[in-house]
Amino acid sequence: MNREIKLINIKEEILSENKGLADKIRERFEKKKVFYLNIMGSPGSGKTSLIMKTIEALGGRYRMAVIEADIDSLVDSEKVAALGVSTVQIHTGGFCHVDANMVEKAIESLPIDELDLVILENVGNLVCPAESDTGAFKNVAILSVPEGDDKPLKYPLMFSLADVLVINKLDYLHMSDFSTQRVMKRVKALNGGIHFFPLSCETSDGLAPWISWLEHEISSIRA
Amino acid sequence: MHELSVTSSIFEIVEKHAVNNHAKRVVAVNLEIGALSDLKNEWIQRYFDLLSAGTIAQGARLMITRVPAVFRCNQCQQLFEITSFITEELVCRQCPSEDVVMISGKEYHIKDMEAEI
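Chains as they are written, first to last, in this note's numbering: chain A, 1 to 223; chain B, 1 to 117.
With the rest of the complex left out, here is chain A:
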């Protein structure tokens, strides 16, 4: 029996299904005028600390919720909940990043009508979260000084798609050869439109420009 081999045109984006779902999530947040932010970075880069500092700095001016994603623990969500903010825990069950599907389920348990800001703390990792649209309006990457200023060279995808790069742990600068200028130059070449916020969650130095950026974004979505 002769079988014919045929070339079938596909021309589809591999991640289109996730992208479609992420677009729906974005639309939903836009309708409700809730600003939704995705924070990504290595384990220990300071994602939870930045969220906690941000909650403190916003000082109850906005109604917030945090979606905490971890492979399997409650440590971060317990810390954040202790500040009196609603938290939802996503357990990715070994999965290395959050996708739009997981976010859709998580927001079912959030009182979206009563919120101004939702922050997603993605799984700690500079590789996989970069590939998956979570439906956030803005993507924030955190790089901390002890990790080294070569990270944008090793994980270019993450740094090429973030809207914001927070350079955390500036208080460690004197103990290292980390150059903030070098990082900014490397990232700028990959991603011209990115905003930089060098800061220290420990000393709160440099926190104010980050908070003003965030407040500006929250008010733009409400306008």
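Hints listed in this document are in silico derivations from the structure and should not be mistaken for laboratory results.
Here the structure is a predicted model, which is why all the values come from computation and not from measurement.
Hints should not be assumed to be uniformly reliable.
No farther apart than 25 Å at their CA atoms in a straight line, the calculated lysine to any residue pairs in the SDA-like style are these [said to hold, decoys possible]:
id	chain 1	residue 1	chain 2	residue 2
1	A	K188	B	E98
2	A	K19	B	S52
3	A	K31	A	N9
If you anchor each label on the Cβ, the simulated ranges turn out as follows [to be verified]:
id	chain 1	residue 1	chain 2	residue 2	range
4	A	K185	B	S8	33 to 41 Å
5	B	E116	A	H216	55 to 63 Å
6	A	K138	B	V70	22 to 30 Å
For each residue, glycine too, the CB sits at the ideal point set by N, CA and C.
Chain A is already provided as a structure; the job is to place chain B on it using the hints.
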């Protein structure tokens, strides 16, 4: 692990097109993946083999073309490719400005597939 979610999307798209085209068996799938992606070809194929076992896509070979990371200089419009972000500086090869913009290297695309009809 990292490759699994991307591979399951590839498998779903391949299976959908195979069914729509009444294919008997998928022989090969042509993918275009940007150089910035850390996905390893070997793992994409292994996960695909697992996911496609017992389906019309079983045994299909994934042919992966890497789309190079190409930048354009905003000063002189020269195009240049970066093959290693670690050893090469992100500056224009011609002028040499640092004002450059990435124009390819982030693709995740399924081009076509070969199937027995």
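Hint check:
Proposed proximity of K188(A) and E98(B) is supported: the alpha carbons are some 9 Å apart, at most 25 Å. Of the pairs offered as hints, the one joining K19(A) and S52(B) holds, with about 23 Å between alpha carbons and a cut-off of 25 Å not exceeded. The hinted pair formed by K31(A) and N9(A) fails the criterion: a straight-line CA distance of about 37 Å is larger than 25 Å. With their beta carbons about 38 Å apart, K185(A) and S8(B) fall inside the hinted range of 33 to 41 Å.
For the pair E116(B) and H216(A), the beta carbons lie near 57 Å from each other, so the given range of 55 to 63 Å is met. Between K138(A) and V70(B) the Cβ separation comes to about 26 Å, which falls inside the hinted range of 22 to 30 Å.
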